[in-house]
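A.B. asks: Sequence:
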Amino acid sequence: MSALGSPAALLKALIVRIPLILKTVLLHGIGQSSGAGKQDLRTELTVAILRSFMNHRVPIGKQQKGTRRDPGIKGPLWVSKVKIPEPEIDVHDAVIKAIEELKVGGETYDIPGIGPVEAEWTGYRRGVNKDTPEPEMSEDQKYEQLKKESNADMVVLYFHGGAYYLMDPCTHRAATSQLSKRTGSPVLSVRYRLAPQNPFPAALVDALVSYLYLISPPPGSLHAPVPHNKIILAGDSAGGNLAIVLLQTILTLHRTSHTLRFHGVTVPILPPGGVAVSSPWVDISRSMPSIFYNSVYDYLPPPSQTLESTGAGSELFLPPPVPDDEFWPASPPRVDYFVNAETIIHPLVSPLAAPKRLWNKAPPIFISIGEEGLSDEGLILARKMHQAGVSVVAEQVEGMPHCFGLIMPGTPAGRRFYDSMGQFCRDAAAGAVKPTGMLNYIGYDPKSSKEVPLDEVSPLTDDDVDELLEKVAQWRIEGEKELRRQWATSSRAKL
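Residues -35 to -1, 1 to 460 in mature numbering (1 follows the signal peptide of the UniProt record, and there is no 0) are what the sequence shown lists, from first letter to last.
Just so you know, these hints were derived from the structure itself, not from any lab. Take the hints with a grain of salt, since some may be wrong.
Heads up, simulated DSS-like pairs for lysine-lysine below, C-alpha to C-alpha not over 30 Å straight-line [stated by the list, open to error]:
| id | residue 1 | residue 2 |
| --- | --- | --- |
| 1 | Lys95 | Lys68 |
| 2 | Lys(-13) | Lys(-24) |
| 3 | Lys112 | Lys399 |
Note that the structure is predicted; figures quoted are calculated from it, not measured.
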């Protein structure tokens, strides 16, 4: 929807959807809607309208341009833009070391290189209305004002969502400013490299650069060094994935007492104070059953891959049809924008696949999910971490769609989400998280709210999960092999 750059364009798009809106209102009114008994009218309308925008098939470059358009800065937030200088190759090499350490065999990936990383410091600006313009100041002056109002002894390092190929820090300023408001902390929001131009592990390299930037700022940085245990990693959807795989990278390097050079300083790799995520996409393969059975409550559609018959009674997983442009399809081709099929269940791609032992000595983690397509993976990851001894704080809200707190911040569920995440971040930075070993399930009807032991959040066993992950990964691998066979044949024909 960010592609609808003007109010007139948005109005035009909504007028086209008047029949959909009327149908949703009518069905909700007579109790025959798909969300009846779990969603109020506002939520159903939000889901229906967002879902209708998901069906457009436009070139990747155009999608990216639309969702990265900067809406400008105004209202109750401070934004100070920074560029992290390109560090030594050590950071890149450390990520490759972690990938290789966790390989099980056969995984392939691009070597991404390293470069400068752009980011935005965000803080909550008090005492202004939503239309108050940003003052004319230098980035340094804006940072000083931001720090005056967001001076808590901690920093939230935030990674935006967008399926690893869309969105930008500018699209998530409302979310990061709300986190700053709830924590009293500055938030550093990272413009990591996007796929398909920059597939795995480019974003992870940029994430580690931003983490080290907080701990050991190079000369000329606006901020003072931040202790590792005062940094809270956070993100939504794919950004939640990035926060969690950054944690796993740090844990992997920490196990070997790894240090690296960062702008001329030797920096030990130590874990953050905590991780807080909303609707994390922790299974890139989308293998879990909730992808389908919760789709009625969510605007994210189930996987829409093309199934092509091989003529032998089986079908291949192929990417959805999207008009070609300079960015897609890749060359050689892939079935996924973000990663080679052979690598899709590597622990630094799909952390749901990580063995429990890899979460040993992880800091506290907060996971918030709705009754959405990604609910199985979020709940099962919470269970795995809990069983590995991690302090897990988990909340699920009945009937709520993907990233409900971000898309409906003014609703009771949205306000509760920000309050819960903010409280967790403060507690984690203070070393005061008190896990209960329970999932806090928040019902549509308050009488149905309950606490569920984390050991019992899913009927799927770990073996069931591994079997599903392997099955879908193999399906993708076979599809990618066929794509590459066709590509090689076509390339030879052109010669």
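A.B. asks: Report the numbers of all earlier hints that the structure fails to satisfy, in ascending order.
C.D. replies: Result: hint 1 breaks, nothing else.
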